[in-house]
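Residue-level listing of the chains:
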Amino acid sequence: MIKLSHVRKAYQIDNDVEFVALHDISLEINRGEFTALVGPSGSGKSTLMHIIGLLDLPTSGEIVINGDDISHLDDNALSTLRNEFVGFVFQQFNLINKLTVLENVLLPTYYARKKLSYDPEKRAMEILDRFGIGSKANSRPNRISGGQQQRVAIARSLIMSPDMILADEPTGNLDTKTGDEIMALLKDLNREDNMTVVIVTHEPDIAARTNRQIRIVDGSIESKNP
Amino acid sequence: MKQLTITIQSAIFDFSRNKGRTFLTSLGILIGVLAVVLLTAFGLGLRVFIEQQFESLGSNLVRVVPGKILQGGGFRGGSSAMGTIRFDEKDVLRIERVKGVKMVVPVFTKSITIQGASESIFSDMYTSTAGVFEALNVKPQAGILFTERDVSKRSKVVVIGPTIAEKLYGTPKRAVGNTIKVESQTFRIIGVAEKKGGGFGGPDFDSYVYMPYKTAFIFNPQKTFLALIILAETEDSIPKVKRGVEEELLVRYNEDDFSVIEQQELIGAISSIFSMINTVLLAIAAISLVVGGIGIMNIMYVTVTERIKEIGIRRALGARKSDILLLFLVESVILSLLGGAGGLLLSAIIVFFIHPYFPAYISMESVLLALGVSSAIGIIFGVFPAKKAADLSPIDAIRYE
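So the sequence lines, in the order shown, correspond to chains X and D. Those letters in the first sequence? Residues 1350 to 1575, per this note's numbering, in order. Those letters in the second sequence? Residues 24 to 424, per this note's numbering, in order.
Take the hints with a grain of salt, since some may be wrong.
[Unchecked claim] Straight-line C-alpha distance at most 16 Å; calculated EDC-like pairs for lysine to aspartate or glutamate:
| hint | chain 1 | residue 1 | chain 2 | residue 2 |
| --- | --- | --- | --- | --- |
| 1 | D | Lys-219 | D | Asp-229 |
| 2 | X | Lys-1352 | X | Glu-1382 |
| 3 | D | Lys-344 | X | Asp-1424 |
| 4 | D | Lys-122 | D | Glu-269 |
| 5 | D | Lys-237 | D | Glu-142 |
| 6 | D | Lys-344 | X | Glu-1382 |
| 7 | X | Lys-1447 | D | Glu-329 |
| 8 | X | Lys-1526 | X | Asp-1554 |
| 9 | X | Lys-1447 | D | Asp-37 |
| 10 | D | Lys-125 | D | Glu-157 |
| 11 | X | Lys-1352 | X | Glu-1411 |
| 12 | X | Lys-1352 | X | Asp-1417 |
| 13 | D | Lys-344 | X | Asp-1512 |
| 14 | X | Lys-1352 | X | Asp-1512 |
| 15 | D | Lys-410 | X | Asp-1424 |
| 16 | X | Lys-1536 | X | Glu-1382 |
Derived by calculation from the structure, the hints in this document are not laboratory data. What you are looking at is a predicted structure, and each value in this text was computed from that prediction instead of being measured.
Next up, chain D with everything else stripped away, as it sits in the complex (with noise of 0.2 Å):
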């Protein structure tokens, strides 16, 4: 124990020495964890941005889309993940009947150009009931939102986001009782949504154009929908609103034409497609952490051949080949747990700084998995140069000049 203890004081003392070179070996792993952290990092806050995005919508909802697009947990590429059958009002019908449905809200989009008072810009429309308020969580920070009344009477209104009545009118107050423009179509304003943000991965809540689903029958003459979102009573209720909503679905389609899906299914989906490329991408960073390694097994060779009298002289007074092996690993494993501790301390510098505007976080597990790495590559890395230190014979060290 005494005998570490003095090693690592040594080893200290030489780095103390040579601070240019040891910082610049442990440059190396310092980049190689930055890099493994960092990424880890923004994984963990990229899910948990999506998830609280989601749960932002309500947990009680299971949507009906064309086509079968989940299977087995991810995505299913292909023809058919497009659908080609579109809903329509029976649909909507049919599925309010079924058990522990509290409301059935029809989805009709479409891209758009809106043009405002001075300028166009381009948008998504959201047209349904006035029920989407409910399912998608959508408050009011000025204005009203559409009502039943609305949408029956094809009232020519609409709720737009914050980001549309910023771009328009400034300020979402100014918006309300303004009308904007959609194909040589006037609607008046009535109302702005509080702000939801959105944009990476999710979608972007903050500029669509909510619009009552009768009204906008004049840009949907089939008077289909592409989606239906299903409030359920309760969250428990889910499985079976959403075996209910199948069985009455395949009455009128086969099974392949539409996908019910939970929320859950969602986000566990887009999870797995997101851990999926963190993962690729911290493989590639791993890689930097190899050629770290190789920079520290590159100087450990040198430091070797530098030290080779000192080893002779260790050899003489009485150290085993174990001695002097350890002595090496010890260095090269403090190099790389330098190079370690510097690129978390950075990446927790990072994500300091980042935090007010992205969710990402450095998890005890990611701080461990760095420690060990960069602790494992010194000692592998390490190995072979303190093996060569340890099998010269005493000597011929000793009489080395």
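If we strip away everything but chain X, and leave its shape as in the complex, we get (with noise of 0.2 Å):
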């Protein structure tokens, strides 16, 4: 589904001086995979998620998306294929507090290039519903507890049926009972709707909580199923 061969990012900090942040990255994650990028903190595990998310361009590389190579598209093409491919769930929920929760969860839907085959509002209650927040559609965000919030989130990734779920450090910000709950919603997402989730955490724990572990450190993979 999605396919990295060789991909490599690096940043300029000085004139000469460059920091590799990747190096040499090939792999490819595939239709109902719940799979981990786990690594230390500053393995490159981000920036490669950022780069599976499509919220950065590899410096060289190539990703191929659904058979199409995606390194040479634009930033509006990009930001529809954010769109419509990828659901982000974040650490920081990444809620936004003026508006309601159901509007958070329409959000994307305002984005949409696309048509619709579905009405957005009813398939959002059916989400919140099935989340067990439905009646908390019309608080604002800041109102309910951090599970809930993180509910939303995993919610708003779902509104857009995309191709997979990345969530970054989901349970980050949660006690462990919450967090618990969180994993065993995406295991539950991954198990009965066959959506093929992506994790990024840097604690082996919750690595082991799915079904295929990426090691990366100091920007390369370590080793598949150790």
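Fit the two chains together into the complex; they arrive one by one in their own frames, and the hints show the way.
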């Protein structure tokens, strides 16, 4: 579904000093996988996540999504791809507090370029109900608990029916119990809805709950399935 | 469309959370629009006011004055403007023969000090024939007007304006029959004219003293006139009368010695001066709009910085650069329009309270202009901050804390 070949990401720090965040990364994530990108902080896993999430382009290398090379797409095309291909879940939830829970969930549909085959509002309510927070639809995100906020964020990532959910430290801001619930929810989505889920984490415990771990150390993939 | 509605809603929600800041930001535009709309309202009012003043004099009038004062629609300055020649009774007789002329009213005016029973006041004496009352549309509210007989008999009578009557004797009725002294000569007040208003820009008819011109030869030993007011038979005959009078006067004077002016030309000239002054004032007021716009730009830059994270979130969810640009443009336009609408409302209230005293009014054009200009300012001064927001890299924005 998404395939990275020889992806390299380097940042120019000074005129002649270069910081290489990712060396020659090649990996493929297939439909229906539940994968973790694991690594200590500074390993380059966040950079890799940004590239998989189309927030950033590699310095060199190729990214193929559903058969199409996207390395040369312009900003508008990348925006549309972010909108349709990937659903983000962040450590900080990243909800917009001046919008209601429902409006937050609907936000990606405001930027949709394709015609949606469903009624976005009805679908948003279905997802919220499924996650047990339907009653909070008209609340502001800063008035509900952290666990509820992360559920809203997951609902938002699902509204466009993306190919993949990309969750960056989804439990990082939650207590263990709530974190477990969120992980269970993501696992559920993977198992029951065959949703492709990629989790970025530095916690081996969290990574252990997925089906596949990709370990990043110093900008390179250490080894697959150790 | 739906996106725009939501954008507007969220902008309004933002503003309602930051009421103080929204108000202060809009205040600049509010003051600018207030200044522009009020100035336009007063400019229009002043023009109407002046036109009303002149129309109350009647529209069949042609004036002959010394010197060349009107040229190409405006007043001409310079030494010849005041003129040196004076007209006399011979000119009056010649012009009375011109075809289409109903009446010639010679005018001699002089600033005088009037001594009443208790106090003395300054005034303008307007000496003429009895026809002056018809030409200037003057009617008595008490007593009577002087007649041709009074003129030929050199009767020592005067008709005074209501302002003078009130100052000297309290009411017009009480003034009639009393006397006033002008330069130690005593004159009997036989009538008080109706109120005409005036003062702003136009002549203040209410403080005139009208006197038969032959009586006034005491003050005018050369027996000359400063102006001749000609009443045409009909409005249509005015051009013909104008030409005839010019031909008649050219026999005795040079072309540059006198001007024959239609009432309409005079109104046009005065209006053009006022509209020029108004334009200058409007330009000054427009500067405050620019200052208000800079205020909006300033606060929009702050807003963009405060909301970098939000921009990042929206970009991650699929918003394009143009979507972010629109988001901030909508906000700056709303801010600016709020100010514009506030300024408009405030000026409407001010004009409402001033209207009984002065014919100021807000035209549809100035409403549209105020709203148009304030949205334009919102766009012009909002586009740079919005561009800054749109050009943020999604990755930097989402990581911003």
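Checked hints:
no., hint, result
1, D:Lys-219 to D:Asp-229, "holds (6 Å)"
2, X:Lys-1352 to X:Glu-1382, "holds (13 Å)"
3, D:Lys-344 to X:Asp-1424, "holds (8 Å)"
4, D:Lys-122 to D:Glu-269, "holds (12 Å)"
5, D:Lys-237 to D:Glu-142, "violated (27 Å)"
6, D:Lys-344 to X:Glu-1382, "violated (32 Å)"
7, X:Lys-1447 to D:Glu-329, "holds (13 Å)"
8, X:Lys-1526 to X:Asp-1554, "holds (13 Å)"
9, X:Lys-1447 to D:Asp-37, "holds (7 Å)"
10, D:Lys-125 to D:Glu-157, "holds (11 Å)"
11, X:Lys-1352 to X:Glu-1411, "holds (8 Å)"
12, X:Lys-1352 to X:Asp-1417, "holds (10 Å)"
13, D:Lys-344 to X:Asp-1512, "violated (23 Å)"
14, X:Lys-1352 to X:Asp-1512, "holds (13 Å)"
15, D:Lys-410 to X:Asp-1424, "holds (15 Å)"
16, X:Lys-1536 to X:Glu-1382, "holds (10 Å)"
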